[in-house]
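Enquirer: Given the coordinates of chain S, assemble chain D onto it according to the supplied hints.
One line per chain: the protein sequences are S and D, in this order. 310 is the number of the first residue of the first sequence in the numbering used here; add one for each residue after it. 166 is the number of the first residue of the second sequence in the numbering used here; add one for each residue after it.
For the record, the hints were derived by calculation from the structure and aren't laboratory data. Even glycine gets a Cβ: it sits at the ideal position worked out from N, Cα and C. Treat the hints with care, as some may be off.
Only part of the chain D face toward chain S is listed, based on derived beta-carbon distances under 10 Å [said to hold, decoys possible]:
#, residue
1, Tyr182
2, Gln226
3, Tyr259
4, Cys296
5, Val301
6, Ala302
7, Leu303
8, Glu324
9, Leu352
10, Gly353
11, Lys354
Covered stretches of chain S (chain D as the covering partner; in silico rule of three or more C-beta atoms under 8 Å from a C-beta of chain D) [unchecked claim]:
#, stretch
12, 487-498
13, 526-534
14, 568-575
A few chain S residues that don't get close to chain D, going by computed Cβ distances all over 10 Å [stated by the list, open to error]:
#, residue
15, Ile318
16, Gln324
17, Gln476
18, Ala563
19, Trp565
20, Leu616
21, Ala648
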Amino acid sequence: MQTATDTVIYNRAGQRVVSPDYLLFEAPRTKHFMTGSEAVKEAVKRASVDASVSYPITPQSEAAHLIGELWVEGYVGVYFRGESEFGVMSEIAGCALAGARTITTTSGPGTLRAFENFPMWAGTRIPVQLVLMARGVNSPLSIQPDNLEVGFLLDTGCMIWYAENAQDLFDMILAGFVVAEQPDVHVPVITVVDGFFVSHTREAIMLPPDDIALPPYNPYRAPMPVIDAEVPPGRFLRDPFVMKSNYISYATHASWQWEVRSAIERSRPYAKHYLRGLIEEFGDPTAELVFVACGTAAAQAKEAVRLLEEEEGIKARVVKLKTIRPFPIEELRQAVKGARYIFVPEFNVVGWLEREVRRYLYGVSDAEVIGGPRVAGGMTMPAEVIVKEVLKLTGKEVKHVL
Amino acid sequence: MATLGPSGFSPYPVAVYEGILNPPPGKALMFNEIVDEEVAMREAAKAMLTRPNPTIFPGPQVLYAWNEEAKEKARLVKKMAEVLGAKIIPMYDYRPKYPKINPAVEINPNHPNLTIWHNKIKACIFVGVHCHYANVALKIIRAETDCFTIAMCGMAGHEDAMITLRDQHVEEMEKFIKIAEEVKKELGK
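Chain S extracted, bound-state conformation:
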């Protein structure tokens, strides 16, 4: 099926509108060689995006700039520069509240500058998409690959998906709009990818044709009315009840917050369909040694599995988490059945993913959870580093020189 009806529909850029399933799963794809930032551009090009706002913090990824090129070419409806990262995230919210499909990008320190907006996005039920090219937030200032800021974002009420590579990122951006805009979900989605490792490096990626695109966003299916300053009840929509504090406002706030979290939970069946599962498993399914990871750490863990098997005769497997919010609780529990050791390799010093894994396996799995290896501040994580951790555990001689 190419369209929802027999009538051929075109978007503002003149692209043929096709169903999300056709675009993501059925359309023929051709091979290209590009950076993660360019993959963002290619996804946005096929996403019938109405508005994007950017702030050129230095050193930025090219992604926001490339979305600007799409505006020049007529693929994006509105594009402008914000006054700051905070300004960007506020302005993109305004566009979304007015009924636009929106996307922006940020990373590292910029994320924190804009932070107040993320729970606001979720609370106002706007399906903004933020591509976060994780880059660390420590002091002294880091601009290197490190995903510490993701740990800060976990409880903002936004969905958080984690792409392993440029291909994942391309597909997740398209799927992200579709899932986030479901009427019973309708919360923001943050699609995370590791900065530099994915944003700035080139890899092979399979793309559908660029003359087809997602159906435009229909804001009239939103769980809140679209702003309309002229027609009541439009102007009443998001009155901040907290400003009129009485006992009622606390009751409403409690229910409201649970509703936002409920919305994330409701995304599970949609995400499962459009991401082809919330997790991906790699390696020997009978292996007792399991790596639970996301992003680049999952890619490196896959390589470590190959090295362990070929060079050490140790069977291992990887459970890659595609979504962090919602957390794939049942999927992880099923996937680690039979595991004796669970390593959680991460690109940050605090081990936020290890905390998540421990939380959801507590009382469910007898496996020993090992938080590591961890690298941070721009370090790479060669597969040999992961192998070394495993060999230390097993008491085997470490052959690799690092």
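Expert: The following block gives chain D in isolation, referenced to the frame of chain S:
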């Protein structure tokens, strides 16, 4: 009220944290069970016809003449109220009412319990209320009252209602009215 799991920390029970999600298309949700739409419609009609002070809460999507469907739905809401012997109390906007609402004539999603307490409503239907506000209100009602809640939703449904009918448009509302008439007859009313 939930006492275990994440929702146990909240003053309000939350259906999804008890493992309940909206029904798939073509089905309905009755408490925690996915059932055929007709089964749920019969039980909804029965609740409205047998519990004290049944009330329909129409929201902006049927109160204002946005389009032809809204007008037709509004007409059906009136007919539904006649068949069910129910009152109609509108949720005409979502802004909290200060200094206080008049619970005899209006309901508000931020403090829906006041209207239900005041009118001693034991069964109600939400129709035409935007999903977010319906969900906020239904959680409060579930926690604070013993009112049997029924959600007629044009979208995916509301798992915090006791009965959830999804994708409800003119045709489905007409079907519900027909079933309500049958149930009324069976009950000898």
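Enquirer: Hint by hint, note whether the structure agrees.
Expert: Each hint tested on the structure:
| no. | hint | result |
| --- | --- | --- |
| 1 | Tyr182 | 7 Å, holds |
| 2 | Gln226 | 9 Å, holds |
| 3 | Tyr259 | 6 Å, holds |
| 4 | Cys296 | 4 Å, holds |
| 5 | Val301 | 5 Å, holds |
| 6 | Ala302 | 8 Å, holds |
| 7 | Leu303 | 9 Å, holds |
| 8 | Glu324 | 8 Å, holds |
| 9 | Leu352 | 33 Å, violated |
| 10 | Gly353 | 39 Å, violated |
| 11 | Lys354 | 35 Å, violated |
| 12 | 487-498 | holds (count 4) |
| 13 | 526-534 | holds (count 5) |
| 14 | 568-575 | holds (count 5) |
| 15 | Ile318 | 20 Å, holds |
| 16 | Gln324 | 27 Å, holds |
| 17 | Gln476 | 30 Å, holds |
| 18 | Ala563 | 6 Å, violated |
| 19 | Trp565 | 5 Å, violated |
| 20 | Leu616 | 39 Å, holds |
| 21 | Ala648 | 25 Å, holds |
Hint compliance for this structure: hints 9, 10, 11, 18 and 19 are not met, and every other hint is.
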